[in-house]
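> Each chain is listed here by its residues.
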Amino acid sequence: MKELKIFARAGQGAITTAAILGEAFFHQKIYAYAFPNFGAARMGAPMNAFLRYDNNPVRLRSQIYNPDSIIVVDPTLFKSQNCFAGMKDGSVAIIAIREGIKVEAPKNIKVVSLPAEQIAMEIIGRPFSNTVLMGAFCKATGDLKLESLIEAVKIQFADKPEVLDKNIQAVKKGFELGAAS
Amino acid sequence: MKQFIEGSWAMAYAAKLCRPQVVSAYPITPQTHIVEHMAEFVASGELAAESVNVESEHSAASLVLGAQATGVRTFTATSSQGLFLMQEVVFNIAGMRLPVMMVCANRAISAPINIWNDQQDSIALRDAGWVQLYAENNQEALDLIIAGYKIGENPKIMLPIMVCVDGFILTHGMETVDMPTQEEVDKFLPKYNPPYKLDVENPMSLGLLGDPTVYLENRYALHKTLEEVIPEINKVGAEYKKAFGRDSIRLVEEYKLDDAEIALVAMGSVCGSIKDVVDQERAKGAKVGMLKIVSYRPFPGEAIKKALAKVSCVGILDKNISLGAAGAVYTEINSLMAGQNKKVSGFVAGLGGRDITPQTIQEIIKTTKNEVNACKFIGLNKELLWDEFRV
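Line order of the protein sequences matches chains P and G.
The number in our numbering is simply the position in the first sequence, starting from 1, with 8 added.
The number in our numbering is simply the position in the second sequence, starting from 1, with 38 added.
Bear in mind the hints are in silico, worked out from the structure with no lab data behind them.
Here a beta-carbon is modelled for each residue, glycine too, at the ideal position from N, C-alpha and C.
Certain hints may be false.
To be verified - Partial chain G-side listing against chain P, Cβ under 8 Å, derived:
hint : residue
1    : 150
2    : 154
3    : 213
4    : 307
5    : 318
6    : 319
7    : 321
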């Protein structure tokens, strides 16, 4: 069983990210359990979403303390918290970097940093970096097939065909840039 | 067909497949999504029902009571303070023998105000005369709703059903759920055809004054009927398995108890976490098992006794407490185990959303083996306690 923790601000689509990744794993016959940070969040407040995935049905219901990977949607979160806390040796951090914000990762963690928001602005025209980061997750962890992810994105955007192609493009761009350094 | 979906959606979908004709609820966290989805089904015409907006849970419960009394199937859902506001009506629904279906998205009770999960709300209403069924995961939640209608609506039973699901953990969790088709559910669940209803052609009264010459018999009949629900759950469980292929409608589930020395007992979603820990402990050679209680009311005493017959230590995890006494499930199991020469301990954990981790469960297993406690709180932060409570 593997565990992903997503760091974002409420309103940045972290729950949707967990949901799409869960759907993508489901598509390749892997069991997933996606869940939000329980409770109420104000728009803009730091929040998390979580994903567990396994070949067997996921039964564990506790929160995630030692993730195998993290996605940091908003790098300003590093100012107030250590997003790397509890990460296992060799685990993967996918970080949306932004100019002017320096991130120092522990040496035992593989880091993929990419200007996801800038890429989203270029491809989608709006600062929703989630699909870029999902593509990077797919490549960096190697746990998910790109086709499965694209399939899940198609389901998510089924009623928004005007942004579907752009989001698929964003996934592919993230996948390209997702090799861990 | 299997789908990866949110728990609240699966539960609302299950209710929709049962074709309730009247739906009424008042939104409260963490039940809200269930009611939103029901309202969407009604608004889109997918569900031919009257969805009634009300100003409080008391009215929502009254509304489904009245609607059910006229001979139609109903659905409601609530949590915590909302369930407590319904309480007066909840007892009436059972006393009037109306098989209402309610989903209780389990949440802690005020004060202090807390929107997170424990099971204090439904446990506090265990004496209402409702059947109470607890789901471990969203598949079970869906299954219990569909089968629950059939159990409650049996003309010999005619009792309301409360399907209890852990708030957030299940309601807001997304996972794989096998969704039955409308045809399958229509085949399994017959049209609601109550043996009595409010009908101008055949006038009758419900919920009259029951004076001392009849009240005792009335309560006795209610109690005896709840006891009859025990074989009914097994019967409908067998039918459900035949129709849908899943063995989820049962009084209890035994997990690796055959050769177990230590058994943990629990209800709801935490049973999934316990199963994981049981597997880890067994890999290290410890003979641990788990008993999951699905039907808390009626309380399946014989099934529990049989399941725990061979173990020597029993640890009961309660996500509730009868303040000044002990956890509710512990109290009942401890009395069942009287004279059996077993070590029986009660643990209170996870109140108000405190996370129950594998370490929490390991500590409970260890303490069950080494000590005997009636009411041990697990996971207390001693820094937050007065000196004299730091024991």
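> Each hint needs a verdict: does it hold in this structure or not?
Here is how each hint holds up against the structure:
1. The restraint placing residue 150/G at the interface with chain P is violated, with a minimum CB-CB distance near 14 Å, outside the 8 Å limit.
2. Taking 8 Å as the C-beta contact cut-off toward chain P, the hint placing residue 154/G at the interface holds, the least distance being around 6 Å.
3. Residue-level restraint check for residue 213/G holds (minimum Cβ-Cβ distance to chain P is 5 Å; threshold 8 Å).
4. Satisfaction of the interface hint for residue 307/G is found here, the shortest Cβ-Cβ separation to chain P being roughly 5 Å, below the 8 Å cut-off.
5. Proximity of residue 318/G to chain P is violated relative to the hint, the smallest CB-CB distance being about 11 Å (cut-off 8 Å).
6. At about 14 Å, the closest approach between the beta carbon of residue 319/G and any beta carbon in chain P exceeds 8 Å, and the interface hint on this residue is violated.
7. The interface hint given for residue 321/G is violated, since its Cβ lies 14 Å from the closest Cβ of chain P, which is over the 8 Å cut-off.
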